[in-house]
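Visitor: Sequence:
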Amino acid sequence: MKLVTWNINGIRAYKGGIKKALQSLNADIICLQETKVTRDLLDERTAVVEGYNSYFSFSRGRSGYSGVATYCKDSVAPFAAEEGLTGLLTNHEGAVGCYGDPMEFCDDELQLLDNEGRAVITQHQYMCKNQIQKVTVVNVYCPRADPEKPERKQFKLQFYKLLQSRAEAILKAGSHVIILGDVNTSHRTIDHCDPSDLDNFDEHPGRKWLNVFLRAESKSESGRENEGSSTDDVLNNGGKFIDTFRYFHPERTHAFTCWNTLTGARQTNYGTRIDYIFADVQLAKEQFTAADILPEVEGSDHCPVWAKLCCTLLASPKLPALCTRYLPEFAGKQQKLSHFLVKVDPKSMRTESRDSLPSSQEAGEKRENLKPLGAAESGLGKKRPLAPGSGTPKRKKSNVTKTSAKLPPPQGSLLAFFKPKASGGAPILKASEASSAADPNPLPRSQKSQMVQLNHTKVVNGVCDSSTMHTSSRPLEESTGETLRETKAEQRIAESTVAPKGPKGASLGFWKSVLHGPPPAPPCKVHRETSVLRTVKKEGPNLGRQFFVCARPQGHASNPEARCNFFAWVDMGK
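Residue numbers (the numbering used here): 233 to 806.
Hints may be right or wrong, so weigh each one.
30 Å max Cα-Cα, derived DSSO-like pairs, lysine-lysine [as the list claims (entries may be wrong)]:
(1) K251 <-> K234
(2) K388 <-> K757
(3) K404 <-> K393
Source of the hints: derived by calculation from the structure; they are not laboratory data.
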């Protein structure tokens, strides 16, 4: 049997479906983290994959956040499946059970810990020495402790505590346990590219928990067991689980599974190992034959981790109720109309909302689909009231009335905002607009066009010059075609004066004077290569400021191919 875990960083990025990615990993059980999908956004190609049965956990509070999914080949279909670690999300048959001591957590803590879609549990069976054994696979995406949010640090530690309590309870009930996923903590110094403050490295709360949770054992190349052979003396041997990668590779360095892609750190292998496959001690020693990482597999800021067992799983004849094939939107079942017409007591609805999990998936979907956030305030979803008399059909108006009732054309250029206005505050009118706004008793056509020319010239230049006076004093008997040609010529002159067009000329100089970009990128001091422009995204006094840094990828200070420490703020005044 082969297991794979991978933080996929968004399952919807696979536009053609996830099937090809699953086949390329060639594993019996594939556990994905950070799917970033909610149930209303889950499409059928992702939920129902030929040859696999899948189990999802969604974030209840935020869309496009967290989420895990477990895909099992049909040949190793689980006998039980469950969402979450607390049991509060389980309301169906075929649950795994074994929840440990619930008195260790208050009700509010349990609800919040399972509210972000961070765990899916599947239970399988395998044959060993003519006896059927159980193995429970726990797919987890542990929280990240944001340094700017102290409450998330406590949330992460509580999640670790809940994970350990549930795993040990399942183990005590007689099933072997495998925990795999993104744990979001690098355990030892060799699991970190650049560990800082080595004296206090093991004082990190997450590492303290791992030291208690794991047992320091390894397997040498000759196959001999080396108990407690770890170089870190802080690890004790009281834990019930083993890090399978370190079990087979106790001293391998630069074996990282996560990199910062924004800084190009993967090119220099400047990362951390935070993705693991843990197994209980007995299972790791008796059944695991290999474990390793796949840093060559791209598509995420993490790489997959795999492990192989010598046992063969048995397939369940019936899939658990949590399987996505049974979801109404994918099961192909026609829902009855009576389901939508059930009379509900408002008092009972209020009671249920108090007892249910806060921001549950169903309630969140209803709020988003039926009444989007801010719809009440912005008026979204409301019908626009009809104008007075709009419901009464009117007769067709004449062409003259239509022309005068036309709205001005839509704004087509940003330059129009910089056009000068007339002394009276009225905007400059084009000849066509001036003719539509004429008096009720219009002048003859030729005379009206000359008046428009005269007024237009006054607005643009402020006073009438001799050339325009000469134009306006031409005989009224001039042909209509000549007058229209002159009117268009005057329009072109006026428009070119206000907002000249074209990539070159006065408009280019105008925009350069209004919108000047940052100065040319200077070379970095060490490599003498052109630096790159970056923008501060972190909240604080420098939010939005721009700066130059070395263009090379991030790496260790001892790596000559990595980024140097060049840094320079952009002075927008230059």
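Visitor: Each hint: holds or not?
Guide: Here's how the hints hold up against the structure:
1. K251 <-> K234: holds, 17 Å
2. K388 <-> K757: violated, 41 Å
3. K404 <-> K393: Cα-Cα ~16 Å, so holds.
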